[in-house]
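So the working numbering is basically just the index in the sequence shown, starting at one, shifted up by 7.
Think of the hints as simulated: they come from the structure by calculation, not from any bench. Every residue, glycine too, gets a C-beta built ideally from N, C-alpha and C. Any given hint could be a false lead.
[Said to hold, decoys possible] Here are the simulated distance ranges between beta carbons: (1) 137 - 116: 35 to 45 angstroms; (2) 44 - 66: 30 to 40 angstroms; (3) 45 - 118: 17 to 27 angstroms; (4) 39 - 119: 18 to 28 angstroms; (5) 126 - 61: 29 to 39 angstroms; (6) 135 - 34: 18 to 28 angstroms; (7) 36 - 66: 16 to 26 angstroms; (8) 131 - 29: 38 to 48 angstroms; (9) 30 - 133: 17 to 27 angstroms; (10) 136 - 100: 35 to 45 angstroms; (11) 83 - 52: 19 to 29 angstroms.
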Amino acid sequence: MNNPIGNHHSGLTHTTDIRVRYAETDGMRIVYHGNYLTYFEQARTELLRSIGLTYARIESLGLFVIVIEAHVNFRRAAVYDDLLHVTAMVKEMPTNRIKIEYDIRRNHEDEVIVDGYTLHTFFNPQTNRPARPPKEFIEVMQRYF
8 MNNPIGNHHS
18 GLTHTTDIRV
28 RYAETDGMRI
38 VYHGNYLTYF
48 EQARTELLRS
58 IGLTYARIES
68 LGLFVIVIEA
78 HVNFRRAAVY
88 DDLLHVTAMV
98 KEMPTNRIKI
108 EYDIRRNHED
118 EVIVDGYTLH
128 TFFNPQTNRP
138 ARPPKEFIEV
148 MQRYF
């Protein structure tokens, strides 16, 4: 899948395909719960990449994007070799914070097996304090809202 879908004035969506590796499962042979946050991170990274705002680019502007809140709803388990379709969505124009919502489907099924969100802020490592988003970030995001 790996396709950016940018609907003007409706938000930003991007789906990333991830194959579950054996090492990501636990003793019950299902995906270890903490790995879903890693899947969220992969989808978030690809969402930003799809609009030209890689983490490296943001860091080159002297800022980090940090997670300040994370929430995961587990509905069904994924297992080794499942093909997961992880969709990351920004539904509201970011301000000083950006909320990214996620849903995970598997093997081309319609049912959401995991969903959740992460809340982020920009952080200046020089001042060790939160920071406003860079102008470039706001300009790019405005294209989708």
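Okay, the hints, checked on the actual structure:
Between residue 137 and residue 116 the C-beta distance comes to about 39 angstroms, which sits within the given range of 35 to 45 angstroms. At about 21 angstroms, the CB distance of residue 44 to residue 66 disagrees with the hint of 30 to 40 angstroms. At roughly 21 angstroms, the beta-carbon separation of residue 45 and residue 118 lies within the given 17 to 27 angstroms, and the hint holds. Against the hinted window of 18 to 28 angstroms, the Cβ-Cβ separation of residue 39 and residue 119 comes to about 19 angstroms, which satisfies the hint.
Distance hint check for residue 126 and residue 61: the Cβ-Cβ separation is about 20 angstroms, which falls outside the suggested range of 29 to 39 angstroms. For residue 135 paired with residue 34, a C-beta distance near 40 angstroms fails the hint of 18 to 28 angstroms. As the Cβ distance of residue 36 to residue 66 is approximately 38 angstroms, the hint placing it in 16 to 26 angstroms is violated. For the pair residue 131 and residue 29, the beta carbons lie near 40 angstroms from each other, so the given range of 38 to 48 angstroms is met.
The hint said 17 to 27 angstroms for the Cβ distance between residue 30 and residue 133, and at roughly 37 angstroms that hint is violated. The supplied range of 35 to 45 angstroms is broken by residue 136 and residue 100, whose beta-carbon atoms lie about 23 angstroms from each other. Distance hint for residue 83 and residue 52: a CB-CB separation of about 25 angstroms, consistent with the stated range 19 to 29 angstroms.
Violation of the numbered hints given earlier is confined to hints 2, 5, 6, 7, 9 and 10; the remaining hints are satisfied by the structure.
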